[in-house]
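Could you build all of it, start to finish, from the sequences and the hints given here?
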Amino acid sequence: MEPRNREGAPGLQRPDDVKTTGLVIVVGPYLRARRGDDAQPGQSDMRDFEARIDEAAGLARAIDLTVTDSILAPIAQIRPATYLGKGKVDEIAGVIAAQGAELVVMDCALSPIQQRNLEKAWSTKVLDRTGLILEIFGRRAKTKEGALQVELAHLNYQRSRLVRSWTHLERQRGGFGFMGGPGETQIEADRRLIGDRITRLETELKKVQATRRLHRAGRQRVPYRVVALVGYTNAGKSTLFNRLTRADVQAADMLFATLDPTLRAISLPHGGKAMLSDTVGFISNLPTQLVAAFRATLEEVLEADVILHVRDMSHEDAEAQQHDVELVLSQLGIDPEATDSIIEIWNKIDRLDEAARENLVNIAARRPPERPCLLVSAETGEGVEALLQAIEDRLAAARTTLDLTIDAADGAGISWLHRNAEVLSKELHEGHYDMTVRVDATKRDIVVERYHGVPRVA
1 MEPRNREGAP
11 GLQRPDDVKT
21 TGLVIVVGPY
31 LRARRGDDAQ
41 PGQSDMRDFE
51 ARIDEAAGLA
61 RAIDLTVTDS
71 ILAPIAQIRP
81 ATYLGKGKVD
91 EIAGVIAAQG
101 AELVVMDCAL
111 SPIQQRNLEK
121 AWSTKVLDRT
131 GLILEIFGRR
141 AKTKEGALQV
151 ELAHLNYQRS
161 RLVRSWTHLE
171 RQRGGFGFMG
181 GPGETQIEAD
191 RRLIGDRITR
201 LETELKKVQA
211 TRRLHRAGRQ
221 RVPYRVVALV
231 GYTNAGKSTL
241 FNRLTRADVQ
251 AADMLFATLD
261 PTLRAISLPH
271 GGKAMLSDTV
281 GFISNLPTQL
291 VAAFRATLEE
301 VLEADVILHV
311 RDMSHEDAEA
321 QQHDVELVLS
331 QLGIDPEATD
341 SIIEIWNKID
351 RLDEAARENL
361 VNIAARRPPE
371 RPCLLVSAET
381 GEGVEALLQA
391 IEDRLAAART
401 TLDLTIDAAD
411 GAGISWLHRN
421 AEVLSKELHE
431 GHYDMTVRVD
441 ATKRDIVVER
451 YHGVPRVA
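Quick note on the numbering used here: the sequence shown kicks off at 1 and runs consecutively.
None of these hints come from the bench; they were simulated from the model.
Be aware that a few hints might be false.
In silico DSSO-like cross-links for lysine-lysine, where the CA-CA straight-line distance does not exceed 30 angstroms [as the list claims (entries may be wrong)]:
id, residue 1, residue 2
1, Lys-125, Lys-88
2, Lys-142, Lys-125
3, Lys-120, Lys-144
4, Lys-86, Lys-125
5, Lys-142, Lys-206
6, Lys-207, Lys-144
7, Lys-144, Lys-206
8, Lys-88, Lys-120
9, Lys-207, Lys-142
10, Lys-142, Lys-273
11, Lys-273, Lys-443
12, Lys-207, Lys-273
13, Lys-142, Lys-86
14, Lys-144, Lys-273
15, Lys-86, Lys-273
Please read these numbers as outputs of a predicted model, since none were measured by experiment.
So this is what it looks like as structure tokens:
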């Protein structure tokens, strides 16, 4: 009988349930691009097949699975029953039997029927890309918020895969003759219980969103701006976060090493402060369940004053990864082409040879000022000072610099300025202070009206 949790809902297969001692085969069933066909929305058609299957194998290794073989299986069309053609299914069945594999990872999104048919044909467990990423997220989530978001995504994924109906567990309803007969089947009960659990999780996540809104409102009351790190998984965001904040967030050469969001203060070159947010890494074909479930976390990106798009320029698939990140940003409501708040960070330049580095320098020099990019090595610290200056300049561009004179006896007014503005200079002259402050648009009119501030001419 299928395991059931303490609330009576069907037992979720948690990451710990996946055997880490068994042998795993990764299959890349990628559609061949046909001449004249346009790329389907959400697909990265430029992504090289070899790079894609290498990434899938890396995802499997991220939860300590032992990958024994990676099989490329290009297809001309998707078969409704098994995704792959019959010949390829039989071929892979032979490889599974020869290697004694206990799990097959299909680097695609399988329908419940396709997954069940492949498991029957191969006599082994089959996990698709969505299920594999959910397993990784389930293992990486450490905070209560992260666990809630992963469980919600997992339940939405599992609800569509309740394909077994156990007639021996049917419940009877009242009535006589033709009015009687089978009542609520087990699968219907499972769906109802999962639906109830999803509703409770969504209610809890609304509380999380409300709490995050309160935290953001609190940050808006002080002159701290928010800078968010985004990028493809394993692009070096956490290493850069540690470098900028002198923190000790887990950073590893591993896909999805960081899941739970972290915020720390950073010091800017001229004494100002900003809040830096490290977010979950993006990936190609990120499951829609995860984008929806992690929206509360990703709202930090939506509210950020500056977005740092960290790119691994040593990766052979850097251009495709950029496309995937911009696609997720678009799903969140951020148009990468329309906003001027994004700064591209070309990371891991320490891994490039001299010719490749010089080429990137020339490309960066030709970029328009509104779409800047900075060459950085989070590992060695090269380029970090220039990055901090760029962050400060970008934050300052959205704020107004005002010159004002305030009575030295107005302690409350001076205190308010220190709490709500960035004080650039303050000099005492015969009972009054000459001050230069920088304020955002929401407080500009208040300072001008109360302190008779005069905008500084650049």
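Take a quick look at whether Lys-86 and Lys-125 sit within 30 angstroms of each other, Cα to Cα.
-> Holds: Lys-86 and Lys-125 sit about 18 angstroms apart, inside 30 angstroms.
Given pair status - Lys-273, Lys-142, alpha carbons within 30 angstroms | holds, 28 angstroms
Distance restraint between Lys-142 and Lys-86, which requires alpha-carbon spacing of 30 angstroms or less = violated, 42 angstroms
Starting from Lys-273, check that the Cα of Lys-443 is at most 30 angstroms away, please.
-> holds, 18 angstroms
Assess, step by step, whether the Cα of Lys-207 is no farther than 30 angstroms from the Cα of Lys-142, and give holds or violated.
-> holds, 18 angstroms
Are the Cα atoms of Lys-88 and Lys-120 separated by 30 angstroms or less?
-> Holds, at about 15 angstroms.
Is the straight-line distance between the alpha-carbon of Lys-125 and that of Lys-88 30 angstroms or less?
-> Holds, at about 17 angstroms.
Pair hint outcome, Lys-144 versus Lys-206 [Cα-Cα no greater than 30 angstroms] = holds, 14 angstroms
Measure nothing beyond the straight line between the CA atoms of Lys-142 and Lys-125; if it is 30 angstroms or shorter, mark the hint as holding.
-> Roughly 27 angstroms separates the two Cα atoms, so the pair holds.
Regarding the pair Lys-207 and Lys-144, is the alpha-carbon distance no greater than 30 angstroms?
-> holds, 12 angstroms
Is Lys-207 close enough to Lys-273, meaning Cα to Cα at most 30 angstroms?
-> holds, 29 angstroms
Holds or violated: are the alpha carbons of Lys-144 and Lys-273 at most 30 angstroms from each other?
-> holds, 29 angstroms
The structure fails hints 3, 13 and 15 (numbered hints given earlier, in ascending order).
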